[in-house]
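Enquirer: The primary structure of each chain is shown beneath.
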Amino acid sequence: MADNNKNKIKPKFRFTKKDIKKQNSFIYQIKRAISLGFVFLNLVKKSK
Amino acid sequence: MAKILIAGSGFAGHYGALILNDILKNKGTHEITVITPNTTFNYLPSLVWVGVNKMKAEKTQFNLKKIYDKVNINFKHAFIKEVHPDNNFVIIEPSDIDSDVKNLNNTHSGKMLSENANINKPNNINSADIGATNQNKIEYDFLLMATGPKLNFEATENLNPEFGYNNSICTPHHAMDTAKNYLALIERMKKGDKAKIFVGTGHGTATCQGAAFEYIANIHYDLVERKLRDRAEITWLSNEPKLGDFGMDGVEVRKESLIYTSEMMAEGVFNYCDIKYQIRSHVHKIDDKKIYTENIDGEFKELECNFAMLLPPFTGNSIKWIGENGEDIKEKICNPAGFIKVDAAYGKSYEELDGPDWPKTYQTQLYKNIFAAGINFAPPGPLSKPNKSPNGTIISPAPPRTGYTAELSGKAAALNIADMVEGNEPSHNASMADTPGLCVASMKEGFFNGLAGTIAVYPVARNRKEYPEYGRNLDYSVAEVGKAGGWYKVGLHYSFLYKLQAKPGWKIIP
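Order-wise, the sequence lines are chains A and B.
Take 1 as the starting number for the first sequence in this note's numbering and just add one per residue.
Take 1 as the starting number for the second sequence in this note's numbering and just add one per residue.
Quick caveat, the hints were computed from the structure, so don't treat them as lab data.
Note that the structure is a prediction, hence the values are computed from the model and not measured.
Treat the hints with caution; some may be incorrect.
[What the hints assert, rightly or not] Using 27 Å as the maximum straight-line C-alpha spacing, the simulated DSSO-like pairs for lysine-lysine come out as follows:
(1) B:465 - A:46
(2) B:465 - B:65
(3) B:70 - B:503
(4) A:45 - B:190
(5) B:59 - B:25
(6) B:56 - B:180
(7) B:341 - A:21
(8) A:46 - B:65
(9) A:18 - B:70
(10) B:70 - B:54
(11) A:21 - B:190
(12) A:21 - B:289
(13) A:46 - B:341
(14) B:194 - B:59
(15) B:499 - B:66
(16) A:46 - B:59
(17) A:46 - B:180
(18) B:190 - B:180
(19) A:46 - B:503
(20) B:242 - B:276
(21) B:255 - A:22
(22) A:18 - B:59
(23) B:242 - B:227
(24) A:22 - B:276
(25) B:227 - A:22
(26) B:65 - B:507
(27) B:180 - A:45
(28) A:45 - B:65
(29) A:18 - B:27
(30) B:276 - A:45
(31) B:465 - B:54
(32) A:45 - B:25
(33) B:3 - B:59
(34) B:289 - B:276
(35) A:31 - B:3
(36) B:27 - B:348
(37) B:503 - A:45
(38) B:227 - A:21
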C-alpha cells in the first residue's frame, strides 16, 4: 500500500472553546445523531 | 444430516452459530454444536466501563447454555485440544472454568479461554494420552474455528496482570481487578498522592488501540468528575506509527475542501484533555516503578509509573493440528503467530498488499470444510505501516479484527457453511476490503452526560484497486467526538446484548 500521507492537507487541529460549546449543544448533537444514524445504516447495507 | 462444530463463543462464533441455526432449521436435520470453555458470552466493548467502576461486569455477559437450549444448539463446555482435519474430528477436554462473574467463589471462576491459556493448561497432552473416547472425540462435517486469541502477556516481561504491575480490560475478570486497582489509586490520590498513569499497548505488535483509547479518555473524565485530575499525569503509550492510527492506518474524512484525519481527532482530544503521548514505542518490561520502552529510533526510555493499563499482543490458541499419520501439521494450517490461514494472498509485502488480497469467504484452502473467523483467521499483512527500530525490534500494530469485523466474518463463514451444506460453493464475502469498520469509542460513560469518539470507515482495509486515491470511500468516513456517539455507545451495548440473546426480532438488528 502506498503512503497515504502524501499530498494530504494537514491543518493543525485544536478544539477551541467555540467548538466545545457547539459540540455540547443538545440540538447540534441530535442533528449529529440523526446524521450518524444514516451513515451507519448505509454502512450496514454495504456489509450485507 | 450435517454435523457442524463451532469452536468459540465470541462475536464470530456465537453470532455465526445463531445465523447458521436460523438458516438450517427448516432445511433438514442438522446438528450444530458450540464448543467453548466459557459459560457466558462476554460483551467486551463495555469492559472499559467496568474498568473504571462505572458498570458491573455481570451487565456485560449472559449465560450461553440457556440461549443454546432455547434455539436447539448443542453446547459443550470444553476446550478443543486437537483438530484432526484429515479424519474430521476434534479432541476436547472438559472445561472447569465458570466465566460467570456472579459465581466468583468457584474455582477458576470469572476466567475465560484466553486467560486460561495463560494459567498453564496442559498443552502437551494428545489423543493417545487421554484416550480418544466417545466423550472427548467429536466428529464433524464442517468446522468453524472462532476461538478468539490467546492474550500473549508473556511477550513482555511482567505484563501479565497476575504479577501486579499492569492492568487489563480484556476480560470481565481482568476489568474487575483493574477497577479495584483504579479505586485504590483514587484513594491514594484523595490523600494527596500524585499519580503517573500510562494507558496504551504493552508490546510493539499489540492491537486494539481503540479499547485503550476509550480507557484513557474514561479515566480522564472520571478524574475530572472526582476533582482529582490535577493530581494525575496521564500518558498515552502506544505502538502506532501516528496518533489516531488505531492499527488500521487511521481514517480520513472529507470536510468541504479539507481532509480531516483521525490523527487530528486524537491529537485534539489529547491536547484538550491534557494527555501526554509517546507513540511508535515497544514495551520491553514493566515493574513496580517503571515501564521500560524502546522507540522506533532505537532509544530506550524508563518511564516512572504508578498505574498502567497496557494491552497485550494476541496469538493463536495452543490447539494441536494433527495429520493423517499423527504428525503435527500446524505449520501448514497456521501462520507463525498461530492464526489460521484462509483464502487470503499471503506473503506479499506491505507495499504490494491491496484490497483483493484480503480473505473473502474465510475458508481454509487445505481443508475446504474448515473455516476460521474473528481474530482466529490469519490476516495477509498489517493495515498500519510496519516499522522496526535500528535494534531490530518490530513496532508494527497488528490489524484489529474484533467486534463488528469479527461478527461479519463469523456471519460470512456461517453462511458459506450453509451454502456447502446445500451442496453449493461458498458465495458470501465479508472481506475487510469490502466491509465497513465501525468503532464508537466511549470517552465518558452515561446517556445524558456521555461522550464518545465515533469512527466509521469503508472499507477497513484500504482497497486501492477500487478507490485509488485513499483506498477508501470517504463519503462513508466519520471521525468525530460528541454526545451523539455517546448515545450510540449505550445503544450498541443494549442492542448487541439483545440480539445475541436471540430475543424476539433479533434478526432485524444489524
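Enquirer: Hey, residue 465 of chain B versus residue 54 of chain B, does the alpha-carbon distance stay inside 27 Å?
Expert: violated (44 Å)
Enquirer: Assess, step by step, whether the Cα of residue 21 of chain A is no farther than 27 Å from the Cα of residue 190 of chain B, and give holds or violated.
Expert: violated (31 Å)
Enquirer: Would you check the hint for residue 465 of chain B and residue 46 of chain A, treating anything up to 27 Å between C-alpha atoms as holding?
Expert: The given pair, whose Cα atoms are some 18 Å apart, holds under the 27 Å limit.
Enquirer: Need the status of pair residue 65 of chain B, residue 507 of chain B: alpha-carbon distance at most 27 Å?
Expert: holds (20 Å)
Enquirer: When you check the alpha-carbon spacing of residue 46 of chain A and residue 65 of chain B, does it fall within 27 Å?
Expert: violated (33 Å)
Enquirer: Straight-line Cα separation of residue 289 of chain B and residue 276 of chain B no greater than 27 Å?
Expert: holds (19 Å)
Enquirer: Quickly compare the C-alpha distance for residue 190 of chain B and residue 180 of chain B to 27 Å and report which way the hint goes.
Expert: holds (15 Å)
Enquirer: Residue 227 of chain B and residue 21 of chain A: Cα distance at most 27 Å?
Expert: holds (21 Å)
Enquirer: Regarding the pair residue 56 of chain B and residue 180 of chain B, is the alpha-carbon distance no greater than 27 Å?
Expert: It holds: about 12 Å lies between the C-alpha atoms, which stays within 27 Å.
Enquirer: Has the given pair, residue 46 of chain A with residue 180 of chain B, been kept, meaning a C-alpha gap of at most 27 Å?
Expert: Not satisfied, since the Cα-Cα distance of roughly 42 Å exceeds 27 Å.
Enquirer: For the pair we were handed, residue 499 of chain B and residue 66 of chain B, check the Cα-Cα distance against 27 Å.
Expert: holds (14 Å)
Enquirer: Given the hint that residue 18 of chain A pairs with residue 27 of chain B, does the C-alpha gap stay at or below 27 Å?
Expert: violated (60 Å)
The structure is inconsistent with the numbered hints 2, 4, 5, 7, 8, 9, 10, 11, 12, 14, 16, 17, 22, 23, 27, 28, 29, 30, 31, 33, 35 and 36, although it conforms to all the rest.
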